[in-house]
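Asks: Sequence:
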Amino acid sequence: MYRSDPALIQSCLDGDETAWNELIERYGRLVYSIPRRYGLCPADADDVFQNVFTIVFRRLPSLRDQTRLSAWLITTTHRECWRLGKLADSAAALDETVVDVSSPPAQEVLRWERQHVVHEALDQLDERCQALLKALFLDPDRPNYEEIAAQLGMAVGSVGPTRGRCFKKLETILVAMGAETLL
Numbered sequence: 000m001y002r003s004d005p006a007l008i009q010s011c012l013d014g015d016e017t018a019w020n021e022l023i024e025r026y027g028r029l030v031y032s033i034p035r036r037y038g039l040c041p042a043d044a045d046d047v048f049q050n051v052f053t054i055v056f057r058r059l060p061s062l063r064d065q066t067r068l069s070a071w072l073i074t075t076t077h078r079e080c081w082r083l084g085k086l087a088d089s090a091a092a093l094d095e096t097v098v099d100v101s102s103p104p105a106q107e108v109l110r111w112e113r114q115h116v117v118h119e120a121l122d123q124l125d126e127r128c129q130a131l132l133k134a135l136f137l138d139p140d141r142p143n144y145e146e147i148a149a150q151l152g153m154a155v156g157s158v159g160p161t162r163g164r165c166f167k168k169l170e171t172i173l174v175a176m177g178a179e180t181l182l
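In numbering that gives the first Met the number 0, the protein residues as written are 0 to 182.
Take these hints with a grain of salt, some might be off.
Claimed, not checked - Below, simulated DMTMM-like cross-link-like pairs (lysine to aspartate or glutamate); rule was C-alpha separation at most 25 Å, straight line: (1) Lys167 <-> Glu146; (2) Lys133 <-> Glu170; (3) Lys168 <-> Asp125; (4) Lys167 <-> Glu126.
Simulated from the structure, these hints should not be mistaken for lab results.
Construct the entire structure; sequences and hints are all you get.
Replies: What follows is the structure, encoded as structure tokens:
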């Protein structure tokens with residue numbers, strides 16, 4: 000079951016080791032893809048990854064807006080990439096590096112950023128819409144309308160119209176988050 004970022008953070012702060020593993024599993028590829036996008040070698044990307052999650056471990060208790068974890072991780076990772084470049088006296092080389100946004104690492108970062116924003120928006124929906132949209136689009140078993148209707152205790156004929164209303168609510172939330180480019 001998908002835990003919201005605030006719930007996941009609280010579990011981490013409570014000392015739940017599985018929550019820490021889930022946090023790294025959820026955000027690890029995103030964090031690792033950013034230094035690769037900067038053109039850092041795998042060893043330097045590993046250093047950035049380790050530094051970022053060390054910072055997460057130390058600073059998670061003081062994170063002000065737990066719903067913005069992905070944005071905080073992205074910013075922290077960019078800063079660590081810059082810091083590593085500065086320490087290696089290669090800031091100029093990083094500034095001169097042209098990142099090809101069509102390259103797979105760049106596309107992967109954009110995909111992960113979009114995915115995290117959508118998950119944040121989903122977490123703000125009411126329980127019925129969350130359950131419906133997650134069943135329709137995130138359930139690996141890909142249940143059909145009949146199965147979803149039975150699972151959620153609703154008529155099969157109301158799944159489609161309810162989905163439409165839930166999408167409208169999701170759109171409103173995404174616009175409020177400033178993520179209208181995802182629409």
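Asks: Compare the structure with each hint and give your call.
Replies: Hint check:
{"no.": "1", "hint": "Lys167 <-> Glu146", "result": "23 Å, holds"}
{"no.": "2", "hint": "Lys133 <-> Glu170", "result": "15 Å, holds"}
{"no.": "3", "hint": "Lys168 <-> Asp125", "result": "9 Å, holds"}
{"no.": "4", "hint": "Lys167 <-> Glu126", "result": "15 Å, holds"}
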